[in-house]
Amino acid sequence: MFYTLNVHSTRREEMIDITSDVVRVITKSDVKNGMCHLYVPHTTAGITINEDADPSVKADIIDRLRKLVPYGENYRHLEGNADAHIKSTLVGISLFVFIENGRLMLGRWQGIFFCEFDGPRNREVYVKILKEG
Amino acid sequence: MFYTLNVHSTRREEMIDITSDVVRVITKSDVKNGMCHLYVPHTTAGITINEDADPSVKADIIDRLRKLVPYGENYRHLEGNADAHIKSTLVGISLFVFIENGRLMLGRWQGIFFCEFDGPRNREVYVKILKEG
Amino acid sequence: MFYTLNVHSTRREEMIDITSDVVRVITKSDVKNGMCHLYVPHTTAGITINEDADPSVKADIIDRLRKLVPYGENYRHLEGNADAHIKSTLVGISLFVFIENGRLMLGRWQGIFFCEFDGPRNREVYVKILKEG
Numbered sequence: 001m002f003y004t005l006n007v008h009s010t011r012r013e014e015m016i017d018i019t020s021d022v023v024r025v026i027t028k029s030d031v032k033n034g035m036c037h038l039y040v041p042h043t044t045a046g047i048t049i050n051e052d053a054d055p056s057v058k059a060d061i062i063d064r065l066r067k068l069v070p071y072g073e074n075y076r077h078l079e080g081n082a083d084a085h086i087k088s089t090l091v092g093i094s095l096f097v098f099i100e101n102g103r104l105m106l107g108r109w110q111g112i113f114f115c116e117f118d119g120p121r122n123r124e125v126y127v128k129i130l131k132e133g
Numbered sequence: 001m002f003y004t005l006n007v008h009s010t011r012r013e014e015m016i017d018i019t020s021d022v023v024r025v026i027t028k029s030d031v032k033n034g035m036c037h038l039y040v041p042h043t044t045a046g047i048t049i050n051e052d053a054d055p056s057v058k059a060d061i062i063d064r065l066r067k068l069v070p071y072g073e074n075y076r077h078l079e080g081n082a083d084a085h086i087k088s089t090l091v092g093i094s095l096f097v098f099i100e101n102g103r104l105m106l107g108r109w110q111g112i113f114f115c116e117f118d119g120p121r122n123r124e125v126y127v128k129i130l131k132e133g
Numbered sequence: 001m002f003y004t005l006n007v008h009s010t011r012r013e014e015m016i017d018i019t020s021d022v023v024r025v026i027t028k029s030d031v032k033n034g035m036c037h038l039y040v041p042h043t044t045a046g047i048t049i050n051e052d053a054d055p056s057v058k059a060d061i062i063d064r065l066r067k068l069v070p071y072g073e074n075y076r077h078l079e080g081n082a083d084a085h086i087k088s089t090l091v092g093i094s095l096f097v098f099i100e101n102g103r104l105m106l107g108r109w110q111g112i113f114f115c116e117f118d119g120p121r122n123r124e125v126y127v128k129i130l131k132e133g
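Top line first, the protein sequences correspond to chains S, C and Z. Sequential numbering from 1 applies to the first sequence in the numbering used here. Sequential numbering from 1 applies to the second sequence in the numbering used here. Sequential numbering from 1 applies to the third sequence in the numbering used here.
Treat the hints as calculated values from the structure; they're not laboratory data. Note that the coordinates shown come from a computational prediction; the quantities given were computed from them, not determined experimentally. A few of these clues could be false.
Said to hold, decoys possible - BS3-like cross-link-like pairs, simulated, lysine-lysine; straight-line CA separation at most 27 Å:
#1 S:Lys32 / Z:Lys131
#2 Z:Lys28 / S:Lys131
#3 Z:Lys131 / S:Lys28
#4 Z:Lys32 / Z:Lys131
#5 S:Lys131 / C:Lys32
#6 S:Lys28 / C:Lys131
#7 C:Lys131 / S:Lys131
#8 C:Lys32 / C:Lys131
#9 C:Lys131 / C:Lys28
#10 S:Lys131 / S:Lys32
#11 Z:Lys28 / Z:Lys131
#12 Z:Lys67 / C:Lys67
#13 S:Lys131 / S:Lys28
#14 C:Lys32 / Z:Lys131
#15 Z:Lys67 / S:Lys67
Unchecked claim - Here are some chain C residues the structure puts well away from chain S; computed CB gaps all over 12 Å:
#16 Thr10
#17 Asp17
#18 Thr19
#19 Ser20
#20 Ala53
#21 Asp54
#22 Ile62
#23 Gly102
Note that the Cβ used here is the ideal one computed from N, Cα and C, for glycine as well.
Hey, can you work out the whole structure from these sequences and the hints?
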């Protein structure tokens, strides 16, 4: 069971909550117990799970990544987005969440975020649901 | 096959070896070949695999993360644990290890560590074992 | 279906493209739809997916990691490779890619890279292919 989510970013760096899109795919799949795998087929973006209650957490993550890997420094890659590639490797492009009784097993404060590091762009997230047993 | 491990941290930042707990779950599951997936349902913690021989490796990881993402800097998130959220995204909250012939396929020096970034707290790690074939 | 890839690094820090090796394993497995899981059984190396077109991206990632986690600083671990252990935790040692119609579902610019942080060494990457359905 393979699906593609479309994500539209509107800024250069941005964390976009895709939790409800993922939940929709799981509902559609009708899988009760299994695994939901998420994969970003891009090299200047990432995916992470973090707090989705206070939006300032997203801002702090973006800010700190910008401090650790500044935009426009003296990189060798000449397309102006070397920082975005490096952030992609630091944050990662794949993760999984468990499905139990048809429910995504996120923690109480967790949401799933697509991390744009070189937007605005139209992006995709691949989703594969594996049924258990 | 879904299990929950309980982890008790005693300091604000701490790497706790949970390898033997994971091995116990695999033994109980009686799965000979498959995958062991680990998932942290928290937003101020992480999970990693690294050396479990010399404990100074853990101290170096904690120290360096503290340098890269200092506690108490000028973050927007006002709960005093913005650094912990950022570290969670850098380290990650999910990983897997293979199971072959009933054995966890860790490398010679590898152990599995729960990473506490905002303790002390009572924490959980979700475990799902998938049987192969 | 469990395989081992051999990787030979020739420098202390190096990103080695292993995409074609992974493709070869998938072809051999004859799995049409499923998951390809990759796992590094070492504590001073990592694995990542990033751009494989311009080699300067690899150089920028290595350089930035060296800036964030300098070699030879005042670490507690006395084997001289504490930086490599820390980088391993930042980059991660496991990832997965989907298989659809016998094809590895990498994005257009993506390649799979073994990340050597304490070479030169002979290294391994474990591969497990799970068949879907």
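Verification of the hints:
no.: 1; hint: S:Lys32 / Z:Lys131; verdict: holds, 19 Å
no.: 2; hint: Z:Lys28 / S:Lys131; verdict: holds, 24 Å
no.: 3; hint: Z:Lys131 / S:Lys28; verdict: holds, 21 Å
no.: 4; hint: Z:Lys32 / Z:Lys131; verdict: holds, 8 Å
no.: 5; hint: S:Lys131 / C:Lys32; verdict: holds, 19 Å
no.: 6; hint: S:Lys28 / C:Lys131; verdict: holds, 24 Å
no.: 7; hint: C:Lys131 / S:Lys131; verdict: holds, 11 Å
no.: 8; hint: C:Lys32 / C:Lys131; verdict: holds, 8 Å
no.: 9; hint: C:Lys131 / C:Lys28; verdict: holds, 13 Å
no.: 10; hint: S:Lys131 / S:Lys32; verdict: holds, 8 Å
no.: 11; hint: Z:Lys28 / Z:Lys131; verdict: holds, 13 Å
no.: 12; hint: Z:Lys67 / C:Lys67; verdict: holds, 12 Å
no.: 13; hint: S:Lys131 / S:Lys28; verdict: holds, 13 Å
no.: 14; hint: C:Lys32 / Z:Lys131; verdict: holds, 17 Å
no.: 15; hint: Z:Lys67 / S:Lys67; verdict: holds, 12 Å
no.: 16; hint: Thr10; verdict: holds, 21 Å
no.: 17; hint: Asp17; verdict: holds, 22 Å
no.: 18; hint: Thr19; verdict: holds, 20 Å
no.: 19; hint: Ser20; verdict: holds, 22 Å
no.: 20; hint: Ala53; verdict: holds, 26 Å
no.: 21; hint: Asp54; verdict: holds, 25 Å
no.: 22; hint: Ile62; verdict: holds, 17 Å
no.: 23; hint: Gly102; verdict: holds, 19 Å
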